[in-house]
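Chain A is already provided as a structure; the job is to place chain B on it using the hints.
Protein chains: 2
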Amino acid sequence: MFEIAELGHTVSKTDYNEKVPTLRTQLLTIQQQLSAYNFSVIILISGVDGGGKGDVINLLNEWLDPRYMRTNAYDSPSDEELERPKFWRFWRTMPAKGTIGIYVGSWYSAPIALRVHNDITDTDLQLQLTQIKQLEQELADDGTLIIKCWLHLKKEQQKKRLKLLEKNPETAWQVTERDKKHLKMYDDFASVAETVLKETSSTQNPWRIIDGSDIRYSSLTVGQHVLDKIKAHIETHELIQSMPQPTQSPQIIHGNQPKILDSLDLSLELDKKVYNEQLNFYQGKLNKLARLAHQKKISSILVFEGWDAGGKGGAIRRLTHALDARNYQVISIAAPTDEERVQHYLWRFWRHMPRAGRITIYDRSWYGRVLVERVEGFAREQEWTRAYSEITNLEEALTDHGIVLLKFWLHIDPDEQLHRFKQREQISYKQHKITEEDYRNRDKWDEYSLAVNDMVARTSSQTTPWTLVEANNKRFARIKVIKTYCEALEKSLD
Amino acid sequence: MFEIAELGHTVSKTDYNEKVPTLRTQLLTIQQQLSAYNFSVIILISGVDGGGKGDVINLLNEWLDPRYMRTNAYDSPSDEELERPKFWRFWRTMPAKGTIGIYVGSWYSAPIALRVHNDITDTDLQLQLTQIKQLEQELADDGTLIIKCWLHLKKEQQKKRLKLLEKNPETAWQVTERDKKHLKMYDDFASVAETVLKETSSTQNPWRIIDGSDIRYSSLTVGQHVLDKIKAHIETHELIQSMPQPTQSPQIIHGNQPKILDSLDLSLELDKKVYNEQLNFYQGKLNKLARLAHQKKISSILVFEGWDAGGKGGAIRRLTHALDARNYQVISIAAPTDEERVQHYLWRFWRHMPRAGRITIYDRSWYGRVLVERVEGFAREQEWTRAYSEITNLEEALTDHGIVLLKFWLHIDPDEQLHRFKQREQISYKQHKITEEDYRNRDKWDEYSLAVNDMVARTSSQTTPWTLVEANNKRFARIKVIKTYCEALEKSLD
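Residue numbers (full-length UniProt numbering), protein chains in the order written: chain A, 1 to 494; chain B, 1 to 494.
Since the hints were derived computationally from the structure, they do not count as laboratory data.
Errors might be hidden in some of the hints.
If several chains are the same, the list does not tell them apart, and a pair holds so long as it fits within one copy or across any two.
Below, computed lysine to any residue pairings styled on SDA-like, alpha-carbon distance capped at 20 Å [what the hints assert, rightly or not]:
| no. | residue 1 | residue 2 |
| --- | --- | --- |
| 1 | 133 | 386 |
| 2 | 163 | 175 |
| 3 | 97 | 337 |
| 4 | 97 | 331 |
| 5 | 167 | 182 |
| 6 | 97 | 339 |
| 7 | 296 | 169 |
| 8 | 296 | 172 |
| 9 | 86 | 449 |
| 10 | 297 | 80 |
| 11 | 297 | 77 |
| 12 | 297 | 174 |
| 13 | 159 | 317 |
| 14 | 288 | 474 |
| 15 | 167 | 292 |
| 16 | 296 | 355 |
| 17 | 167 | 285 |
| 18 | 181 | 162 |
| 19 | 297 | 85 |
| 20 | 259 | 144 |
| 21 | 296 | 173 |
For clarity, every value in this text was computed on a predicted model and none was experimentally measured.
Bound-form chain A, shown alone:
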């Protein structure tokens, strides 16, 4: 597949000097246009050592307007990065909509290097590529334009280039021991690269292979490619925007689906005495387990969802009572900030991923996408329907990293909810919790029920199960929550 990039393309200095000003003007102009659109651009520059990645990146930086662009170099991960799932470092530096992020050493570097050095098997590589494809697909679904450039060199060229670089004291530093090792492994490298490129080239996110033997040629080609891709993307984007949107997404009726929630026995309860005993017991147990988990650097993520007034806050408070405040944080999900609004909807959750041995508790979570955003029409149908797999992928990344992930749905019935609303209105410091909106949401109980059922059905798996909590009785619910977390920690500490 690299043949086309081995033809030895060159551009003369005169030609180059003639073409650059026009290209630069066009790039700056398109960048200005881009800043008005709500999608971001990710440019990956990869390729063989000596293929001129550094030069191309430096030129792009020179040509583009730094106000709407940022270059991220991912060399060895920092300890803060190592403590989180592997894609965290890419999420934390994701470009905002309307801007460009150039990625040097992207998510492709590690899997290729690992496979070339035989540190992972072909099967591992395939798995990693699947995860990469999922990530790219999710970004593309969100409108992100991913431009992937591969700078290629023939074996003899690479040899020559590295020798040339090494001979010149000005550039010798660019040739590392790793490069020399890679040179020896050229064939292995080329074969792994070929697999990776083939596997991860899709119509939406294709690779562009570029002859890296002449810097002028490769820079101009990358620059032109970036320009063309952004232009085309803007056109498609406008086309999509101008298409008539259904005013209301059609309600999908899953007539035959068993209603999971209906099977919950909401009459379950604990009397005060038993509750106090069990609370004491399980809080003590949790305290010990959490301390152990902290020592062993096992992190936890606890997701709390449930009906309004379902008792999330109270359950969280009883749970955190047993924890050391230095090790957990409660993230309450409300309206996104403007920095969050110009990112993929999962970005705001990625930013709070716990460090090793810590706990993040989400009071409402990414499930908002398939609950409130679905029911209220804040997300389009295609957005919330694809969210199920996006969420599944996210949660797999978390559990793969060894994080203990628990998801609680606190379930009450409409009568109990009304009762609690009325109660809250009587308590001064809880009055603010009750608004007109809460009453309006009650009218959509059936729609929300449907959404919850779908959510549980589609996002509960062996490794990421939902814990459905019978919460008409607060005492019963709180104990179930703490006990469930205890059991999960015990399992992970085994």
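Chain B in isolation, oriented as in the chain A frame:
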């Protein structure tokens, strides 16, 4: 000074259980009020080991609403934190306005521990305390309420408490080797603590010393103290808000001040040939020096300020041409995002501080406070006048950390500016750079001149000098910028 906290205050269980619900309601109510105000609250919980810091913090977390509050535990710094000035870790987690941040192990932990273990001298300690006082003053000036609680124990009490904790298998883990060492050093610790508390207690940011011998007493006292302080702060805040503001801050005329900028020789220029030679030479030199600096983990911060159309962008591009795009980032300062708006004005600059061996280039910077914000009246007089020392403190923190800091003012005269405006209007991809506002700003040339002169006079020091760049001739300016950076790197590599 600890006598008052050695009286052995206690609260009975009955009393405690009676008082907590009221206190909690009041805390939740004040927290809701607080969320509407544009100041933040920082609660520092410090004190002797075994003084119950952990218990108090856990209770505060239980009592307060997690939506408007966050607990930050500063144990050993991560590598990303170690690579930046020491206060960076506190800035990165600063609470937003309207919210509370509880700090466990704050900026006081390190200096106290270091002094007790004789790792720093009294003089060092004093210096660190001065920096702390400056930080607290700056936060307080911005409206931040800092509540500092010190939990105290008598020597015998500490001994008893630690023994008690150690005896109980449930709590033995809380007693670390460090604690036991500290116990032996109780007298040293008490004496250092006394110095620190005395030195850093001001009318605005006083310490509250609390008897830590009884958890119920100390928790209630801290809770009540937090409540009272926030209440009082809201009242003061409202009072200040309701005071009549002068519609226009009076223009200060520094009649006798020598005009530093007027002494610049704007006729300085370079012809094209010399420029090309020197550009080549200095870019080559810079490339080598920057590489060395990267290897030696020396970071740089370059600040670019100057008149509109002064040539900042062009100078930055010629400079970055010599750098590896993987190691630098250009931060263009435009309108703050809403996450930035709810923070101290320096916060948005702290977030971009470079990691070890990297370079951050600010295209406009914190100097906006004493330039555009002063002239356009976006900052009140008291705000921009105190900014000089805030900026000086910031820059000292940077240079103390070993960062190479350079500040460039690109100076042109009004005629040259007009000429460039007209030119820009002719170039398609530069047209967007020229707006009505640019012409309006020209009318305020004299006011801006005054502001620039004041800025240079007040913020240029031996360690943080301004480089005034004669920029009527772009070629001359660019060479001067690159050359200056070369010299600074050479000096730091010596």
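Check: What are the numbers of the hints the structure violates, in ascending order?
Finding: Failing hints, ascending: 9, 13, 14, 20.
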